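Trainee: One letter stands for each residue in the lines below.
Number of protein chains: 2
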Amino acid sequence: MNEKAPKKVRKSKATKPKPEAKASKTKTSESKIPGKKKVLVLGGGFGGVYAAKELERLGRGKLDVELVNANNYFVFQPLLPEVAAASIHSADAVVPLRQLLRRVQVRQAEIMGIDFDEKKVIVVQGTRRIPVDLYYDELVIVLGTSVDLKRFPGLSEHALTMKDLADAHRLRTHVIGCLETADVTDDPEVKRQLLTFVVVGAGFSGVETVAEMRELVRRALKYYPNIKPEDVSVYLIEYANRILPTFPADLAAYATKRLTIHGIEVLTGVGTKSATGTAVELTDGRVIPTSTIVATIGNGPHRLVETLDLDMHWARIKTDRYMRVPGRDHVWALGDAALIPLVDDPKEDPADYATQTAQFAVREGWQLAANIVAKLNGQELKPFAYKSKGSLASLGMSKAVADVYGFKLSGTLAWLLWRGFYLSFLPGFAAKLRVGVTWLLNSVMPPNIVQVQAPPPATRYIHYRKGDKVFEPGMLIDGFYTVIRGAFRLTIDNPETGEHFEKVFGPGEHFGERVLVRSALRTGLVVALEDGLLLFIAQKDFTRFARAFPFLDNYFKDYIERTFGGLDKSFAPGSTNAKTELETLP
Amino acid sequence: MNEKAPKKVRKSKATKPKPEAKASKTKTSESKIPGKKKVLVLGGGFGGVYAAKELERLGRGKLDVELVNANNYFVFQPLLPEVAAASIHSADAVVPLRQLLRRVQVRQAEIMGIDFDEKKVIVVQGTRRIPVDLYYDELVIVLGTSVDLKRFPGLSEHALTMKDLADAHRLRTHVIGCLETADVTDDPEVKRQLLTFVVVGAGFSGVETVAEMRELVRRALKYYPNIKPEDVSVYLIEYANRILPTFPADLAAYATKRLTIHGIEVLTGVGTKSATGTAVELTDGRVIPTSTIVATIGNGPHRLVETLDLDMHWARIKTDRYMRVPGRDHVWALGDAALIPLVDDPKEDPADYATQTAQFAVREGWQLAANIVAKLNGQELKPFAYKSKGSLASLGMSKAVADVYGFKLSGTLAWLLWRGFYLSFLPGFAAKLRVGVTWLLNSVMPPNIVQVQAPPPATRYIHYRKGDKVFEPGMLIDGFYTVIRGAFRLTIDNPETGEHFEKVFGPGEHFGERVLVRSALRTGLVVALEDGLLLFIAQKDFTRFARAFPFLDNYFKDYIERTFGGLDKSFAPGSTNAKTELETLP
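Just so you know, the sequences run in chain order A and B. Residues in the first sequence are numbered consecutively from 1, following our numbering. Residues in the second sequence are numbered consecutively from 1001, following our numbering.
Hints listed in this document are in silico derivations from the structure and should not be mistaken for laboratory results. Keep in mind it's a predicted model, so treat the numbers as computed, not measured. Don't be surprised by glycine CBs; every beta carbon is placed ideally from N, CA and C. Not one of these hints is a red herring.
As a list, the in silico DSSO-like pairs of lysine-lysine whose alpha-carbon atoms are at most 27 Å apart:
1. A/K62 - B/K1228
2. B/K1466 - B/K1503
3. B/K1540 - A/K150
4. B/K1222 - A/K36
5. B/K1062 - B/K1038
6. A/K37 - B/K1228
7. B/K1375 - B/K1119
8. A/K557 - B/K1557
9. A/K469 - A/K540
10. B/K1257 - B/K1228
11. B/K1432 - A/K432
Some chain B residues close to chain A (C-beta under 10 Å, calculated; not the full set):
12. Y1073
13. L1194
14. L1521
15. R1547
Chain A extracted, bound-state conformation (with noise of 0.2 Å):
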């Protein structure tokens, strides 16, 4: 906060009576280059990243070229499973955007909106989150898209993916949690829930994870005295009847034997259904105890796109083959977010259509700036055509499968091929270096299984299956839960007294509110009397909040007060031997 800043946004406001921004907010931002025109790329994928070079390239001198992206850098997906498997480092994996962009300007920023008809999109950038209008007067829109899950009641909440970075390595922090954890606990059940891995969804990027999520298990293994090699369960779940569909069947019937070589279980056929905490059900009834699932399905339009009001079609931009958007003049748009048709008169299949892959979206980049500098010097645009060269996809344990101009591959030879595709196509020398050099010393490395913990989120959404617990005497307290769907029942019983307490919880009502109190161990037993959902919200924010606020605090005060006839009495069989201190205020 400072001194000047609102004065700054009064006197524009002043100076610039536009009629239409009625809205006294946003701070303007123009190209700094007077007579060139302004380029605004949204998205730093593969095709924006190509697009805006090409785009710098072509146009050096007369257009003025901006990327706008939320993160500062570019992430080269196809390793990303590899993160999760700590092969590479993370920042390997990522390149910074202006170290890839160096004549392009870099605004790492959240996108808030377009407003087509003012030629301006709103962004909101660092901490003092003023929205800033930057103007365009050509806008390419490559966002991607989104990972989806909201047809699988629990996915979304239980799940871990592999879109970007943050995933990776939440994966990998979650594996050696696991494991950790797996090492020194006495519970067999326990046990075996934290040694099963669950991947769900085997194109690439199931197919590479759940391989890569073995490997790193097996070469850690060693240092898990506790964990013998068979506790450590791997499935991988495909509602197709094969694996890798975008093979042919025979690569894909190599790679399932390959897998299953390695201990992974491959069930086709067979879909999700629904997920806890604690366990995913498939479409066959099973139901699979687990504290890992990742899920690799599901791509649904980017958040901001779908808000676009913008013709769609199999949640994508429709464009023309030009990649021009039909009826909003001077926008583009490209990669998985864009359905660039082939051919003039596309059929509703999709090979008439570019695939979501980075080998089209970087030919797609080169297209769409050679469009746009063709247009500005009012020359004529070409149509988007490029032919798959093939696909790749890495098996772990030094073995892949390939199908690379027609030819198809298989074992080491292909991997060895997957990894030098991937090392000349990973953008920029030092990376590459980087990677090269992490490769070679892997093999006489042992594995990183470093695990850096985040802290967990201090609100979230808890899925339970009929009959689950939710917590049980003897745990140590963690937070405060609102039902939000169904019915839980809590009991306490006091075995000195014999004392017995039941009450059953629905829908905006709530239990554990005794973590305002003191930090000790619970002395009731919770459980779903029907599938359900809960908020938990973490103790110490729970506290936080309900301590700077005396209206809440009187209302669990009265509350406990009411229900259990006073703190101390009804919770009489805790210990506070376990007990922990409560943050003090600052």
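Based on the hints, put chain B in the right spot on chain A.
Mentor: For chain B alone, kept in the frame of chain A given last:
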């Protein structure tokens, strides 16, 4: 949650009816090797790792050694400033404990308490949070120290620290975030604040951190075209009259000169008075606007050690010369947590005690292991005795100061010595190789300016100085505020209707509740009328809570109606242009 666990807990309760264990909670874990003595080592820093390693070596066949640590890795603290500057990967400054201690049982767990009478340590591990009892024959406390900034109002909440890996990573992410925003902001005051970096405390850690941070910024600047080198200010604040108090005065003078040449303003003889999110106030009254305060001061006892009711001095556990804790049989302490006399009759003089450095901790670990084995064999214990071999501090830009075996060295040679020394000291071949290779590659590598942002905490305390703005019109709504201390004035002016609203909020009152309804722009200005403290709750978490909890939702609806006379009317000047969708229920 699974079905069998609670039965098991009940069973173990029934079969072991210890009268003193009225707490029906803990599961029991004992030495798995009958006939062996169990030695528990609490803490995995230098002292703990070297003690456990030596205990296992000397006591093989007789001792069952287990090390308990909150993280599953050992942190090589001297390299944390290099991690913060992205000179090395964060994974390379740490080594998995299981790889360092192949024959020692390693347990990643949180220590809840110690029961000296029962000779057990109570820990919580994993996600199930059922406390586990670990029984010991000999207990070694090596828990280090914690950062205690309570004496400086606001510093705990607003300063970054440099104690563990997460701290180093956070600092790096933060600095790069400042550069990203400074590069695109149009507000010169905000830019200045973002480009001012303050390090408090000029011991080893402070000097190395400020030097490395300066170097990161210097190397990164070429990628931020809108930041000029002269826009950047870096301060090093030291309360003593010179930096590096443990070094000879001439080396400290050399270090000061080098830091100054790098553009670091070294302020000595001045302390820190207080801090907010936007400035630090010094004891001479000067206020430096900054977004980045790094505190390397304020060593306090470990949170757990504080609760143990042991004889403490200078916030350290008193021991005898053999590292035994007086009055507690079978309990030993070493490392930074312990105050170990070097002479039989120590005076009130730090020189009479072991210093808190890695050098000392390693030797303490060795001697302690020998003493425990001697004790069990009925042999004589040896007092701890060691003389420092010297010290080294890196100054960035390939310069350092060294004081080794009485020889004083400065400049590039000292820096090479520093690198060689730390490389040789880094435990484990893999880590040595990786750090060595990274250092070699660094000379040809661009700086790693990738910023992997962690989600901000859901609740946080924010200090304000009189006159500070909390928010202003045009900012995107991000959360809800409750007043803990002080008075804050909200004013809303509608320029179109001329309407004016004003209200002062005191402790227990709140503002920003509109986040419940939509995500749009602030229409009001909130200013601190005196120094104060607010609790901030992020929109997502606050909204989830209020919605799940009808009581709270109704309270806010009433409140808004009562205070502002209806939501849409009162907030008329707000624009929905930058409106985002609120989260939907799963």
